[in-house]
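Protein chains: 2
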Amino acid sequence: MGFGITHSSLKMKKAVILLSGGLDSATVLALAKQQNFEPYCLSFLYGQRHGIELEMAKKIANFFSIKEHKIAEIDLRIFGGSALTSSIEVPKNNDFKSSNKIPITYVPARNTIFLSYALAYAEVITSFDIFIGVNSIDYSGYPDCRADYIKSFEKMANLATASSLNSNNFFKIHTPLISMNKKEIIKTGMNLGVDFSITHSCYDPKIASDEVISCGQCDSCILRLAGFKANNLVDPIKYRI
Amino acid sequence: MGFGITHSSLKMKKAVILLSGGLDSATVLALAKQQNFEPYCLSFLYGQRHGIELEMAKKIANFFSIKEHKIAEIDLRIFGGSALTSSIEVPKNNDFKSSNKIPITYVPARNTIFLSYALAYAEVITSFDIFIGVNSIDYSGYPDCRADYIKSFEKMANLATASSLNSNNFFKIHTPLISMNKKEIIKTGMNLGVDFSITHSCYDPKIASDEVISCGQCDSCILRLAGFKANNLVDPIKYRI
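Chains as they are written, first to last, in numbering that gives the first Met the number 0: chain A, 0 to 240; chain B, 0 to 240.
Hint data in this document are derived by calculation from the structure and do not stem from the laboratory. A few of these clues could be false.
Same chains, same names: a pair is fine if it fits in one copy or spans any two.
As the list claims (entries may be wrong) - Lysine-lysine pairs mimicking DSBU-like chemistry, simulated, CA-CA at most 35 Å apart:
no., residue 1, residue 2
1, Lys-150, Lys-171
2, Lys-237, Lys-154
3, Lys-171, Lys-186
4, Lys-69, Lys-205
Keep in mind that this is a model prediction, so the values were computed, not measured.
Could you build the full structure based on these sequences and the hints that come with them?
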């Protein structure tokens with residue numbers, strides 16, 4: 000006793016975790032740790048309205064004592080085409096659940112770009128495991144959150160890289176939340192000790208005296224609030240309404 | 000007569016062309032125009048040693064009177080891992096042809112990242128055609144230059160995007176050079192009127208009195224010089240040797 004390094008920690012496999020600062024990816028990070036992966040986190044500054052996300056991502060990485068957290072600056076605004084990267088207004092109190100349309104907050108090819116960077120990072124650190132918090136239950140309007148898309152990316156990744164072609168290892172894209180609803184995600188995160196007060200979901204936040212105040216009316220806030228309510232919990236973050 | 004707009008120009012389909020400033024992508028652009036596509040060019044500033052490439056890409060886009068040329072700034076140096084993005088030395092007079100190894104100039108997941116951006120751009124401008132100058136004859140060491148990788152990316156792209164899921168259109172990744180050797184690429188470009196004096200290939204160029212001087216000794220220079228020689232042509236760019 001008292002030797003510190005356990006057998007299991009010696010065998011830890013590296014994994015790249017896409018960390019957005021939202022509650023989904025914070026839960027994914029906790030799940031990766033539970034599965035005994037050594038997390039290497041990757042976040043993006045991508046001209047989103049809410050650079051606040053990145054500050055939260057840093058807090059979450061810190062909360063989980065992550066060894067390495069890379070931030071890639073990419074500018075998707077050069078193409079435009081989404082309420083999250085250009086000047087289109089974020090919809091409020093939108094009836095998105097009953098609509099079959101893809102939300103205006105969809106960013107063209109976003110997850111493909113994010114996963115491509117994760118693949119580059121994984122290859123450099125010799126990891127074959129990438130975690131992403133996509134979810135096909137809520138927000139099913141996003142094409143790049145579905146299981147068949149993820150499978151297809153995984154297959155492509157194994158043809159794209161030197162590391163998989165030169166070894167018997169295969170890239171796996173882990174999507175532990177893909178079949179969970181928001182209620183289940185929040186419950187899972189709570190059970191794993193995630194501090195949801197340092198997560199952020201709002202598409203239209205305001206800052207007042209250094210505090211982030213969420214709108215409570217965008218699609219993302221509505222889903223989040225309903226998820227806490229379904230667990231009989233109070234969301235620990237601040238709202239304007 | 001004299002009406003200016005021809006029937007064929009009204010029907011032109013938009014295409015995204017990945018333009019590096021090299022002779023391959025300049026030839027690809029000429030081929031896309033020959034196939035009656037309206038080219039939208041995309042180049043990257045990605046922490047490569049030779050920002051010169053971008054200047055050449057601008058000259059090429061200008062030479063072909065391209066309507067739109069986007070430049071995406073991405074920083075692959077945050078991951079490291081390649082002679083083209085970090086401080087590893089570019090090999091000279093390397094016997095790369097006889098080696099089965101992946102060259103040190105390989106950039107992890109580079110083409111996957113480039114194609115992901117091209118996909119985002121295509122989706123925003125409602126294009127379903129992406130051109131890339133990959134080649135599996137010379138430089139066969141790069142995994143992300145092979146036909147099965149490209150096919151796999153294409154399949155993934157059609158699952159990733161709102162535009163293909165909501166229409167009967169399918170993304171196609173065009174690789175017109177994939178089975179050509181350097182001799183054939185240069186011959187094709189010459190026949191289509193490409194000005195190779197404004198293209199650039201060297202991994203280790205120098206600038207002297209505003210002129211770009213190529214090393215003549217890196218893998219890329221060796222291939223290029225041999226390609227011109229095989230066509231009984233003199234390469235119009237300047238070399239140090």
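Outcome of the hint check:
Proximity of Lys-150 and Lys-171 under a CA criterion of 35 Å is satisfied in both settings, with 9 Å inside one chain copy and 19 Å between copies. In the homo-oligomer, the alpha carbons of Lys-237 and Lys-154 never lie at most 35 Å apart, since the shortest distance is 41 Å inside one protomer and 42 Å across protomers. In this homomeric assembly, Lys-171 and Lys-186 come within 35 Å of each other (Cα to Cα) only inside a single copy, at 25 Å, whereas the closest approach across copies is 42 Å. Taking the shortest Cα distances, Lys-69 and Lys-205 sit within 35 Å of each other both inside one copy (26 Å) and across copies (32 Å).
In summary, the structure is inconsistent with hint 2 from the numbered list given earlier, while agreeing with all the others.
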